[in-house]
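Q: Read off the chains here:
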Amino acid sequence: MDNVYTRSKDIALIEILDRVLDKGVVISGDIVISVADVDLIYVGLKVLLSSVETMNRLKWAEVPCPESPGNL
Amino acid sequence: MKIYSYCIIDSKERIGDGHIRGLNGAPVYNIPYRDMGIVVSNLNGDIKDLTKSHLLEHENVVEMLMKNFTVLPLRSGALFNREEEVLHVMEKFYGDFRSNLDRLINKVEFGIKIIWSGDNIRGEILKDHASSSHFLAATKDSPGKMFIMGKFEKYKIERALKEKAEICIAFADNFLNRFAFEKKLEKLISTNLLLNAFYLVDKERQRDFKEAFELLRIAPDNFKYLFSGPWPPYNFIRMGE
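Line by line, the protein sequences give chains A and B. Sequential numbering from 1 applies to the first sequence in the working numbering. Sequential numbering from 1001 applies to the second sequence in the working numbering.
No false leads were slipped in.
Each pair of labels, with its calculated beta carbon distance range: (1) A:12 <-> B:1190: 13 to 21 Å; (2) B:1142 <-> A:12: 51 to 59 Å; (3) B:1067 <-> A:12: 12 to 20 Å; (4) A:12 <-> B:1178: 20 to 28 Å; (5) B:1019 <-> A:12: 21 to 29 Å; (6) A:12 <-> B:1103: 21 to 29 Å; (7) B:1146 <-> A:12: 43 to 51 Å; (8) B:1150 <-> A:12: 38 to 46 Å.
Result set (EDC-like, lysine to aspartate or glutamate): computed pairs, CA atoms no more than 20 Å apart in a straight line: (9) B:1184 <-> A:15; (10) B:1210 <-> A:15; (11) A:23 <-> B:1049; (12) B:1187 <-> A:15; (13) B:1224 <-> B:1186; (14) A:23 <-> B:1186; (15) B:1224 <-> A:15; (16) B:1164 <-> B:1124; (17) B:1187 <-> B:1221; (18) A:23 <-> B:1182; (19) B:1012 <-> B:1096; (20) B:1052 <-> B:1063; (21) B:1184 <-> A:22; (22) B:1184 <-> A:18; (23) B:1092 <-> B:1035; (24) B:1052 <-> A:22; (25) B:1187 <-> A:22; (26) B:1183 <-> A:15; (27) A:23 <-> B:1096; (28) B:1127 <-> B:1158; (29) B:1183 <-> A:18; (30) B:1164 <-> B:1153; (31) A:23 <-> B:1063; (32) B:1107 <-> A:15; (33) B:1183 <-> A:22; (34) B:1052 <-> A:15; (35) B:1187 <-> A:18; (36) B:1224 <-> B:1214; (37) B:1162 <-> B:1221; (38) B:1156 <-> B:1128; (39) B:1183 <-> B:1204; (40) B:1052 <-> A:18.
If you're looking for bench data, these hints aren't it; they were derived computationally from the structure. Just so you know, even glycine gets a beta-carbon here, dropped at the ideal spot from N, CA and C.
The shape of chain A in the complex, shown without the other chains (with noise of 0.2 Å):
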């Protein structure tokens, strides 16, 4: 059963940022530092927009589907 939960590393990099970069609390967006008055830093920008157009090319390009259709 362990070859189900052992995913290659692209993969699992790929379920981590997915996560990590595009969801979960976001306390940075400008409606919370404006009700907030708080001067925050949101750090690399640029880089993480990039991290995650990369990252979506990536997603579903080197998933091998599998060779015969389903037959339910």
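Here the structure of chain A is known, so what remains is to put chain B in place on it, guided by the hints.
A: Here is chain B on its own, set in the frame of chain A:
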């Protein structure tokens, strides 16, 4: 020095005694606010860009804390200048944080991706459709009408594909939903990605959920499954409701 934030936890107590390390190896600590806290680490110097290793360190801290606390993971990249600013955010959004912590207590997230041969299945539908329909072949109408009819045929094929996808997704969801507290299903977001699903599961029911997935995985459907988790509940946080 700046303060980098990782997650909100349902505890105002000290954590880790410096054993949990965050960005650039700095020890993480808890800044308490009322009955919860925000886990942070100090960041010396400037970081202009977050690297892949920073993101992995961020996730590692959240996952370590998830073992002992209910966590609300923060999206990576937020830096504060002072602790007063951190507390200001906690004060403003205490209600949101509290309701999420209450809802997500002892819950973890699992990710399931189901990949099918969308192109092949579309091809089969097309073949079936062509053999049963003499719609276009028998028509000698104007190019305009032919164009519209062609569009309509394409629409019918896509609709048939979606109907087949819905049946397959319902089949899979029937296995997994029994042990899920909440779920998010993203259907057919690309031709071959039949389902990108997130399930929120009670920590005590993880084994049941994994067993349900195993039953699904051995079902004779020729699909490929990608299973991940348990994760902090990144996909189930609701702010501003």
